[in-house]
Amino acid sequence: MTDLATLPALLVVLPILAAALPIAATIINRRVGWSVAALALAVEAGLTAWLASGVYADGQRIVHRLGGTELARPDGGYAVGIELVADPLSTLVAGTIATVSLVVLAYARQAGPRGNGFYAGYLLLTGGLMGVVLTGDLFNLFVFLEITGIATYALVATGDRPQAAVAALKYLLIGTVGASMYLLGVGYLYVRTGTLNMVDLARVLAGTATWGEGTWLAEAGALYAEPLVIASVAFITAGLGVKAALFPLHVWQPDAYQEAPDTVTIYISALVSTAAAYALLRIFLIVFTPAFFAETPVAANAFLVFSVTSVVAGSLLAAAQRNVKRLFAYSSVAHFGLILTAVGVAVHPAAGPTATRFAIYGAVIHLVAHAIMKAGLFAAAGSFAAGVGARTVASYAGLARVRPVIAGSIAVLGFGLVGVPPVIGFLGKWYIALGAISAGLWPVIAVVLASTLLSLLYVARILEKLYFDRAETPEVDQKDHPATDPTDSAVAADGGRTALPSLGMVALVAGAALLAVASGFAGAEVTTAIDPLVEAVLAGSPEVGTNA
Amino acid sequence: MLETGAVADPRPLAAVLVPVVGAVLIVSSYRRPALREAWSVLAAVTQFGIVASMIPGVLGGTGYRWSMGEFVFGIEFALQADALGLLFAGLASFLWIFTAFYAAGYMRELEEHGQTRFFAAFAGALAAAVGVAMAENLLVTFVFFELLTVVTYPLVAHDETAEARAAARKYFAYLFLGGGVLVLGGTAAVYWATATYGGAPTVTFGATASGLEAFFAADPWLARLVFGALALGFGAKAAIMPLHSWLPDAMVAPTPVSGLLHAVAVVKTGAFGVSRVLLDVYGPALAAAMDVNLALAALAAVSFLAASVIALRKDHLKRRLAYSTASQLSYIIMGVALLTPYGIVGGLLHIPAHAFMKLTLFFAAGAIHVETHTDHISELAGIGKRMPLTMSAFTIAAAGMAGIPLVAGFVSKFYMLVGAVTLEAQLAGLAFAAALLVSGVLNIVYFWPIVYAAFFETAGDADAKPLIESPFGGRERTTASDSPVQPIADGGEDAGYAVDRAPSDAEVPYGGDADHAHHGGPPPGGWERRQPWSESTWLMTMPIAVVALGALALGIVPGSIAALDLAIEVAESRVGEALSGVIG
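Taken in order, these protein sequences are the chains called A and B.
Just so you know, my numbering puts 295 at position 295 of the first sequence, and the rest follows in order with no gaps.
Just so you know, my numbering puts 8 at position 8 of the second sequence, and the rest follows in order with no gaps.
You can take every hint at face value.
Label-pair ranges, simulated between beta-carbon atoms:
no.: 1; chain 1: A; residue 1: Ala-518; chain 2: B; residue 2: Val-45; range: 25 to 33 angstroms
no.: 2; chain 1: A; residue 1: Asn-301; chain 2: B; residue 2: Gln-426; range: 50 to 58 angstroms
no.: 3; chain 1: A; residue 1: Pro-353; chain 2: B; residue 2: Ser-245; range: 37 to 45 angstroms
no.: 4; chain 1: B; residue 1: Arg-108; chain 2: A; residue 2: Ala-522; range: 42 to 50 angstroms
Derived from the structure by calculation, the hints contain no laboratory data.
Beta carbons: idealized from backbone N, C-alpha and C, even for Gly.
Please put together the full structure from these sequences, using the hints given.
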């Protein structure tokens, strides 16, 4: 179906083009920004659904070649241009991005920040994320990572307090260093293999490329043990590790999440690190494949050490936090550690086919699950901040009485983070644990099982405060977050209800909780959907799904 | 599949969902307490009806199964009603009916806050407990096991005091350690082991034994480790030592919670889980071959002896009952872990027997608290005059706990003794039997003073209770008047021992005794005499009487209540031989 082949390009281009509209439309009407963004994202969501129906109909792989078919694969071999690939894995993450973008925009209508500049940045960020997810080219991935990054830096800097600018600058510096590392890694790969396309790279690295006979492009045998290739893995991991906030490269995340406006925090916590983790997953599984790690086991082990440390360190640091958004930020560090642990197990030499299968299931399911749960939790934190000005755990005391729906959703989503079935957080953990046990990696098994208790450390604190503690005085933490707009944020002296949180905000929170429980029962559907990825990895093929 | 002829039937699902619907209705009737309590009773009666309707079929050999389809790769989310599950589910739902009445009376008399949350969470807990009972495989058991912990947390923290919050935190820590860490790891390990060694991955009860046998042959110590993880994980909820200390602290919860949940539903899910692991995941043959069952039985025996000894020193009545619960739960584990047919029957029969007796004891403790605000045994002297029916029920139940005939506890203990002495390892069997008898004596030692004080003493004229009042290690003086050793003139305060200068939290209520001022005890003129029908609200005395009578019924005619039949059915099907000489 050639119609579907243009969809990947549309999905990337539409938000980027639409980003110019709110600014341009200012000359007509200053308040049109939200509507333009909503329209654009609604169309985006529709297009993604259409694409998904085509991809998941029978595990297809839809490829769009930028610039037309003449540029791609002359002489029956390698790609010259850039390919956008929508296969079962990338479509799943693209669908998540489209849904979350639209829903968070509904949240932003009342929660703010408002302003056409904000909506423009929001759309640019969506376009960048779609590009990261849908691209099939490593350098193109860098370009979209940078677009994403710059948009994120700008959005973080729109926070209320002066610390927001500092946080954004910190994120910018560390993020740019990370992106540059990634670029270095890609550069080394290009020098060694002469190609940037993910599929072609995989073939060249494996020594199965079918082009360039007699030239330096046709290498005999696998390139996995070459120093340039090993170095490139290290650089790419470091770069994407910064973006995915892997310990100890996470230092930008707590400040950025805390200081960004609440709406922005929801969005970036759910999607930005997710896209980076997706990229890491794809590159490890498809480009380098477990065969690389079989040649260089120390790479897999080192990666596992860092991810496992992320889980423990993130949880412990989260348990020590007083500010709720900071607490959730460290919780993200821990859960991305869990996701990347699954990736590490999937590529580990000790992992047989079953271990790889389960680890991949766990990584992908937890990637999406974490996005849903974290979005809901940050939305709840934002709702509490907007409604009663509560930003610290101590100020949550007794709030369950005043805001039962939000508190109940925090309970459900919190238990999802802990891994209580049937919330979806359990599914990912089950598969990761099973993968680790199948691979026989004892330290990993111990940490994955202990992550239940580690997450409980901070979740139980919040729930206890919400439900079983009494507020002595209505708390507005002037030191942490002074009320800037007296009409719609700070708590009144009588602690009474204000117009916020709006219905849209509460709907997002409750909807996330309901979705987390409902999708906990949809495990079978999701594993069927990503089976093509598992087959491709087990068969050593860089093409996920059958070519359309 | 456990039963050879399992038919598809929605009743297992209905039994789990009815209390959930009840919880929703309870929350929506928050403004009308009478209607709200009525929903509780109605849900309980309906749930019991559904469960009871499945018993005849199961005893006849048909199982009932409901499935949602694939939940995770290779495992279905399925519920199945078999003999073992119905034993537990029937017990829990039957006792919920009476606890619903009792709780209504209790909460109203004390004018407690948060009653809607209480009753809704209670219903949720029963849903989760019956879910554990009906689970078809280890993973579904795990799902409901965790949900049970989550849903009973608000009940433990109900009081919203610092003590309650601390107890609830401990509750979470121990139970998530047991469930979310150990049981999850064990379940995943069983899945992997059956996949690697048995050909097909499975965690369904009854289908895992062959794969695990091959696993044991290949890697014996790892197989034992997996068994240990599962047994300890479920055992944490059954308050086996050393993971028992959450239970006494959880007594801060309102007494209906301590009674039904922490003596019947929650802790019994732990014992039930251990039984499933022994009987259905590993199977008696494999567990015996692995030599793990005797280790577990020994741990349980040590546990019940130690808990009984600790109970001797507890002055707070509910804490004494908590240690008694920990002790009696280990009876169940020991009985089933013996893996002899009579041992299994005894252990499984102790599930309903102990439930009836312990619930009576807790109901009595709660009634005493409500009517007289007395929580400590040292203040109970002469209370039999004030609350004759309550204390009579207490006496019956206490007699049963010690194993005195005509009350339920005797029947199960008898079978356990037979099971112990018929053990192939004769010496070990005799040791277990001796432990059971010693524990029976200890039960008398810690229950008799309460009964004696209630009926045979008067308020101002109580004997000293050295076990409770004396410090550890004794006092350094003699009672002989002309002894050359001078009595220590220290103003009566035994400040010579560190344990008395700085008593641990276990002895002193959170925040110090001053906060929990003993405002219980008899009024200045002594207890007034009351008649059984006027000693307390009917909402509380009716359940006490009924449950005590149930304990008597189980002791006098155990064969005519389905419990014994179900227990025998389970034992015969797992061990594969018909039992002779049982009262049927």
